[in-house]
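Asks: Dock chain B against chain A, hints included.
Chain order of the listed sequences is A and B. Going letter by letter, the first sequence gives residues 909 to 1359 in the numbering used here. Going letter by letter, the second sequence gives residues 104 to 579 in the numbering used here.
Treat the hints as calculated values from the structure; they're not laboratory data. One thing to keep in mind: the hints can contain errors.
Below, simulated BS3-like cross-link-like pairs (lysine-lysine); rule was C-alpha separation at most 30 Å, straight line [said to hold, decoys possible]:
(1) B:K235 with B:K168
(2) A:K1298 with B:K530
(3) A:K1253 with A:K1340
(4) A:K1180 with B:K235
(5) A:K1322 with A:K1180
(6) A:K1180 with A:K1298
(7) A:K1340 with A:K1246
(8) B:K530 with B:K441
(9) A:K1322 with B:K168
(10) A:K1340 with A:K959
(11) A:K1322 with B:K424
(12) A:K1322 with B:K441
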Amino acid sequence: MSKEQPESAISRRSFLSAGVAAASGAVALTTNVSGQTVPSIGGSGKSAGLKYRAFVRHGTTGSIELLTMRQITGRQVLVRNQAASCTYGDVGAVLGTGGNFNRPTIVGNGSVGIVEEVGPEVQAVRVGDRVIVAVTPQCGRCDYCLRGLAGLCQAVDVPLAEIAETADGTPVIQFGWAGGKGGLAEYTVVYEELVIPVFTDLPPEQLAFLIFLGAHGYASVANNAPPTPGADVVVFGAGPTGLSAIQAARLHGAARIIAVEPIPARREMAMKVGATHVVDPNEDSANLVERLRALCRIRNDRPLAGGRGLDPNFGTRSDGPSLIVEAVGADSPDFPPKIAGPDPKGLLPLQQMWDLCPPGGHIMTQGTGYPRNSRISVPASEWADGGKSKHSMNSSGVHSHHDIPLLIKMVENKHYEVASLISGTYRLEHVKDCYQAIADRSVIAVSVVFT
Amino acid sequence: MSTSDTSGQSSVAEGPSTPGTDVVSRRDVITGGVAAAVAGVTLTVANAKAEAVERAPAILMGTQKGRKYRAFVAFADNPADVSIQDSSARVETVTMNALDPDRVVVRTEAAQVCYSIVGQATGKTPSVQHGKPSQILGHSAVGIVEAVGSRVRRVQVGDRVMLPNSPQCGVCYNCLRGRPDRCINTGNFAEPAVIGTLPDGSPVAQQHDRGGFAELVITTEEYCIPIFYDVPAIELAMLGCPAACGLGCTLGFVAPVTPGSDVCVIGCGPLGLSAIQGARITGASQIIAVEPIAARRALARQFGATTVIDPNVETEHVVDKIRQLCKGPNTRTYAGGKSGGPAGRQWGPDFVVEAVGSDFFPPKAGAGPDPEGLLSLQWAWDLCTATGHVTTVAVQQTGNFSVPAQQWSNGSKNHHSGNFNGVATLKDMQVFARLIERGQFNAKAMATATFPLERTKEALQLVSDRDTIAAMIVFS
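So here's chain A without its partners, still in its complex pose (with noise of 0.2 Å):
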């Protein structure tokens, strides 16, 4: 890197070249897809009036509409996506089921595109700019942001916006906390504390893999209890979110890394991406925490040099991981997965989990999706002094402004692998083939793209 290069290394500005030139703020064309046209602004300030599509749920029904934008203001940005990021959470909101949609709302979670406007207000970004759109915000001015708990940031609360119309007049939301933000659009109008600018080229879709799944299985190990150097990490759940908490595991050093993964395929991708061992939960289910503590088993028995031998208040064996990390969740009983756990609600993993947490250990639960009103029940004397952590983190204990640019770099670096998670990608109006492949769970992470 040359001194001469005082901005970056990577131009902001070739990023504009697939639509527009910037500078001369005229409208330009890029091709999608589909063949049609995205209207590329370029910064001309004229975001009011811009055609776009969607894929837009109102009531029980979801479909791609021709959205008309509103002009965004103070600390507003848009952003041309590239990419968004699909996960297991959407599937109901767009297969037809689930959630209350009572004004017409853009889904998805989490988009990377380039920065075609900016309101007024905004210091992080610049038009031509690659971002991320994050689904965590990170404000750094928030009670819990300046505590180090950007997973807990208070911007979730900013009232949605209202950024389009319908055909009708109808305004239009997108799905999202902080403002909302969507995803599954040509366009993302969102708040400045869920952009993060990145420098790199990776592919869009690798880059979609790590807006949600990727930092917060990451951030899972990562920012809660992280494992030490040669510690024993178990992971319950090696879809995309538990294969990115694998790696984390690995990248801390852990010496044992086991998975607990029903689908053969994500086993075997477990393996390639850091796991030591792979246990099926399907296969002698009753014994397998037992069999999982053997596993984590240390062989210094020895109290008073340094070893475990049995727990004085219980008087079981200490042995036991030092970090548990959940990322399970319950299966929606709408779309049951090809290959399914011994629970599709989800509960027998976190009752599992509770039991195989060692005296001193740590549990990291992040699944989502269990049936209303569920409870998970343990013995209280446990719960009161049985040296268990338990972490349940809101958005995994992820600091997306710090966490999602490391991962880019880890990505660049090829320590953190993403591409062999790609299964796949998809056109937008190919949308619900891309979630019902999801819900399916016969790929690993898919996306939809734009470019």
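Replies: Positioned in the frame of chain A, the structure of chain B alone reads:
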């Protein structure tokens, strides 16, 4: 259930590409085992088979009084600037006193030869004072417990133990405050106990109350770390001092390297090479190694360094070069980046490790730019950014080191003066042994020369010349 240790890791194995340098697979390092195979590495490999000599007979019971064993002993009678060969240090037969109830008898398998021991053998950095007992040299060892005093609880006869350079008693002021790396119950600074006599009847003690260059080590319980992992003695012995010290700099609890960070290691002897491996194990994205000896630079590459720098080339630009390497693509200060600041001082490694020290005995080839070892301290300080961490562990510098008072006062640089920086030996030696066993840490490639006890002076000469990474005294 299937198990495997290596499959799949190759897909994410490649080290980052640095302009003008070739890409070395980082995972290959830990599978290869022997580093000497790498092209361009030329190290004297003296894997001398220990000659068949009569060993001290095992006595597993009683006070051990009168037991005889051989040891490499240093005396206070060396003239100034005596050579290693001409020094009065020699193998002697020691007759044991009765075993103290707090002590343990360990039959040595291997002991590591630190550079600092060279000066102790010749008297340049004397450990034996005039009028005080002679000392068995060495300060760490690996062996088997043969007898324990009546008050010993931690180990039992037959245990395999590592005797590291720092103990962990668990009950002293520092141990109770989470700093067992500075355990106070160390023999390093107290008058070492007399544990036996030489044939002329004179008393003999052990260097740092421990020694190691002897068939037996008579040590205290706090130093005994039982090891339950299946790791060869020579590799474990590397952990006794330099490897653990280096791993502590990057993996230890004081300033642990974080995944994705930039790390600079100045000096690639056994300590720096271990620090580099520690940084790789814990996911550093960029590891910059600075070392004047070509063979050591090549090994640094093998162990995970992404860039290697010869400090004798453009010496005045070394700091600036490293800052530029750590610049990163984002210079946007309102969006997580660093603009650079005056002279690029905002840019730099997140972690700096200094492992150089002074040349009491000049190397055969590849002396660094400052034999006093102060320039590397200066570089380490300068490279450390505000909020960054700089760990210094090198020894034997003389004189003072000065920095601008303003930086010292409020530059926000986190300086850790190391020693066994961040290593809790009773806990971490087992972790490190496990890292060796699982192929994550390569100690074997650093233990490049082994000698029997009677050739200890050859081992010291080799270490003094820097013709090896590390040397071992081994016992059959």
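Asks: Take the hints in turn and mark each one as holding or not.
Replies: Structure-based check of all given hints:
1. With a CA separation close to 22 Å, the supplied pair B:K235 and B:K168 stays within the 30 Å bound.
2. Between A:K1298 and B:K530, the direct Cα distance comes to roughly 24 Å. Compliance with the 30 Å bound is thereby established for this hinted pair.
3. The suggested pairing of A:K1253 with A:K1340 holds, with an alpha-carbon distance near 24 Å, which does not exceed 30 Å.
4. Between A:K1180 and B:K235, the direct Cα distance comes to roughly 60 Å. Violation of the 30 Å bound is thereby established for this hinted pair.
5. At most 30 Å may separate the alpha-carbon atoms for a hinted pair to count; A:K1322 and A:K1180 meet this at roughly 13 Å.
6. Taking the CA atoms of A:K1180 and A:K1298, the gap is about 29 Å. The hint holds against a cut of 30 Å.
7. This hinted pair checks out: A:K1340 and A:K1246 have alpha carbons roughly 17 Å apart, not beyond 30 Å.
8. With a C-alpha separation of about 38 Å, the suggested pairing of B:K530 with B:K441 is violated against the 30 Å cut-off.
9. A hinted pair counts as satisfied when its Cα atoms are at most 30 Å apart, and A:K1322 with B:K168 does not qualify at roughly 60 Å.
10. Between A:K1340 and A:K959, the direct Cα distance comes to roughly 22 Å. Compliance with the 30 Å bound is thereby established for this hinted pair.
11. With a CA separation close to 23 Å, the supplied pair A:K1322 and B:K424 stays within the 30 Å bound.
12. Restraint check for A:K1322 and B:K441: the C-alpha separation of about 23 Å stays at or below 30 Å, so the hint holds.
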